[in-house]
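> Starting from the given sequences, assemble the full structure and let the hints guide the process.
Protein chains: 2
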Amino acid sequence: MNDLPRRVSLREVGPRDGLQNEEPISTQAKVELINALSATGLRRVEAVSFVHPKAIPQMADADEVWAQVRRSPDVSYSALVPNQRGLERALAAGFTELEVVVSASDTHNRQNINRTTQESLAALPELAAKAHEGGATLQLIVSTAWGCPYEGEVPVERVVWVARQGMAAGIDSLAYGDTTGMATPTRVVQLVGETRSAVPDLPLGLHFHNTRGTGLANLYAALQLGVDDFDAAVAGLGGCPYAPGASGNIATEEVVSMLEDMGVETGVDLDALLEVAEMAERFVGHTAPSQVLRAGPRSRTVQA
Amino acid sequence: MNDLPRRVSLREVGPRDGLQNEEPISTQAKVELINALSATGLRRVEAVSFVHPKAIPQMADADEVWAQVRRSPDVSYSALVPNQRGLERALAAGFTELEVVVSASDTHNRQNINRTTQESLAALPELAAKAHEGGATLQLIVSTAWGCPYEGEVPVERVVWVARQGMAAGIDSLAYGDTTGMATPTRVVQLVGETRSAVPDLPLGLHFHNTRGTGLANLYAALQLGVDDFDAAVAGLGGCPYAPGASGNIATEEVVSMLEDMGVETGVDLDALLEVAEMAERFVGHTAPSQVLRAGPRSRTVQA
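So the protein sequences, as listed, match chains A and B.
Quick note on the UniProt record's numbering: the first sequence kicks off at 1 and runs consecutively.
Quick note on the UniProt record's numbering: the second sequence kicks off at 1 and runs consecutively.
The hints are simulated quantities; they were obtained by calculation from the structure and are not laboratory data.
This one's a predicted model, so the numbers in the text were calculated from it and none came from an experiment.
Treat the hints loosely; a few may be bogus.
[Claimed, not checked] Every beta carbon over 12 Å from chain A, so not counted as near; a handful from chain B, in silico:
| id | residue |
| --- | --- |
| 1 | A29 |
| 2 | G41 |
| 3 | P57 |
| 4 | S72 |
| 5 | D74 |
| 6 | V75 |
| 7 | R85 |
| 8 | L91 |
| 9 | G94 |
| 10 | Q118 |
| 11 | H132 |
| 12 | R158 |
| 13 | G170 |
| 14 | S197 |
| 15 | V199 |
| 16 | G285 |
[Claimed, not checked] Computed Cβ-Cβ distance ranges for the label pairs, DEER-style:
| id | chain 1 | residue 1 | chain 2 | residue 2 | range |
| --- | --- | --- | --- | --- | --- |
| 17 | A | N83 | B | S72 | 56 to 62 Å |
| 18 | A | G263 | B | A123 | 35 to 41 Å |
| 19 | A | E265 | B | G193 | 22 to 28 Å |
| 20 | B | Q28 | A | H286 | 32 to 38 Å |
[To be verified] To give an idea of the chain A side of the interface with chain B (calculated C-beta under 10 Å), a few residues:
| id | residue |
| --- | --- |
| 21 | A217 |
| 22 | L259 |
| 23 | V292 |
Even for Gly, the Cβ is constructed at its ideal location relative to N, Cα and C.
In structure tokens form, the structure reads like this:
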């Protein structure tokens, strides 16, 4: 049996990455969702993104949401920023943990922000410097790290090159996003290994989607390598913009259910989280893909 | 990187375990499904079960289905038998691979066949002898191997005791069923390890359900131990009788998609299998839980 980390740090990304890929919900609902998540034992919540409202109308009310959230002293809240303007808004709003996304594949990056990967990377040093001046950390999230919906395969060398560029630009940590669920365990092992060789001192988190069912298998593969920092979204919010009906982010309650049973602490109260998952499902108005939300915790028994 | 098996043997259980947990479909549809599955490269198909039609009306037409199937010389077809009577029917129909299910938990076994586990085990030697006399092999499938929907935890010692009893009774191989998706990777590692110590010469297959999202993670954990024999159901047919809306068997196309990408051969043509999955979804008349069916193979790209 491989040694597994004794505990992992989960970042809840439902309010941002999840809701960004759902029909818009009310400001009030977003605030309630973030408040409820903050009471489950989760220590990190990605709350909003400061993007242009025309690009992502789901996040148009980021300032209002954040102003109304009852901030828990036990939770670190983070915000995604696409550029200098967003970073300034996030700092003005008081965020001290920021994230910027760069796609490893040019085509995906162009579709998202009309720039090549290299052009986005060129903007990173100034973003990192401004974040640090403002008293915040900046994480680089590398999307399409295991494949691109437009280009298909994305070479490991390309992804590691992006990580190196981020390191040189002064980012504080790195996360790899499996944007459309193209990762499998062997690919996780390979990319994590190459990344650790290339940028051994950069903290690494992983962000899996369950688009092709491999989300928890990938997480388990990473766990065996000692990775202890994962993103997940309550109820598995999010969907996949390229595959209607497919799953989005791995569901936080599925991750918590599996890890706690394996003796890996998450700090999260599964029953409390399942109540929030029901709330999230109600807010988005459709059946969420979370299996544990359907079946309940494995401790749930029925009468014979 | 752990060494993984170079190839695995998949048994397609959609026509039996899958359809048994769906609303009944026509004989014609079952025949079409089995014929189509037989043309995908799958080498093993669990075709029918010879149970009492009152107990499981979905399988009432087992004889007709089997009579009409166009049997492929490349495929081994198996049948589930609950008792002596079912075994005689299966032998008379010409099956040479039979399976009998015994639950590791008394309550589940009683609910299914009104006997304790011990009472079911006591009938095994005669079943095995009759199967062998009739020129067939008999596999013991141990259900609730990682937990019981009525009793909750099922001790590893109890499951291994059932396996030993099966071995003593003369069964030819063993399969462990995760009936309601209560397995997690560490539990898989533990049970497989203990079983190999107890009955090292008994071939072992694993049968996972994705009820709580851990199906492929469990499969990956087993694969790392060298297990190379797995059940799966096309489209993820089956559902869970104890949790409406929850997933059933792991989806064959999700297994094939993940394993082939990892360099583990399945012999299955994923595109052909996906066409059968669409057919299966049409037959059962509702959206199936298979993620690869929704999102397509990871090689599928979209236009920018």
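> For each hint, tell me whether it holds in the structure or not.
Hints versus structure:
no. : hint                          : result
1   : A29                           : holds, 23 Å
2   : G41                           : holds, 19 Å
3   : P57                           : holds, 22 Å
4   : S72                           : holds, 27 Å
5   : D74                           : holds, 27 Å
6   : V75                           : holds, 25 Å
7   : R85                           : holds, 25 Å
8   : L91                           : holds, 33 Å
9   : G94                           : holds, 36 Å
10  : Q118                          : holds, 17 Å
11  : H132                          : holds, 35 Å
12  : R158                          : holds, 16 Å
13  : G170                          : holds, 31 Å
14  : S197                          : holds, 14 Å
15  : V199                          : holds, 20 Å
16  : G285                          : holds, 16 Å
17  : A:N83 <-> B:S72: 56 to 62 Å   : holds, 58 Å
18  : A:G263 <-> B:A123: 35 to 41 Å : holds, 38 Å
19  : A:E265 <-> B:G193: 22 to 28 Å : holds, 24 Å
20  : B:Q28 <-> A:H286: 32 to 38 Å  : holds, 34 Å
21  : A217                          : holds, 4 Å
22  : L259                          : holds, 8 Å
23  : V292                          : holds, 5 Å
In summary, this structure violates none of the numbered hints.
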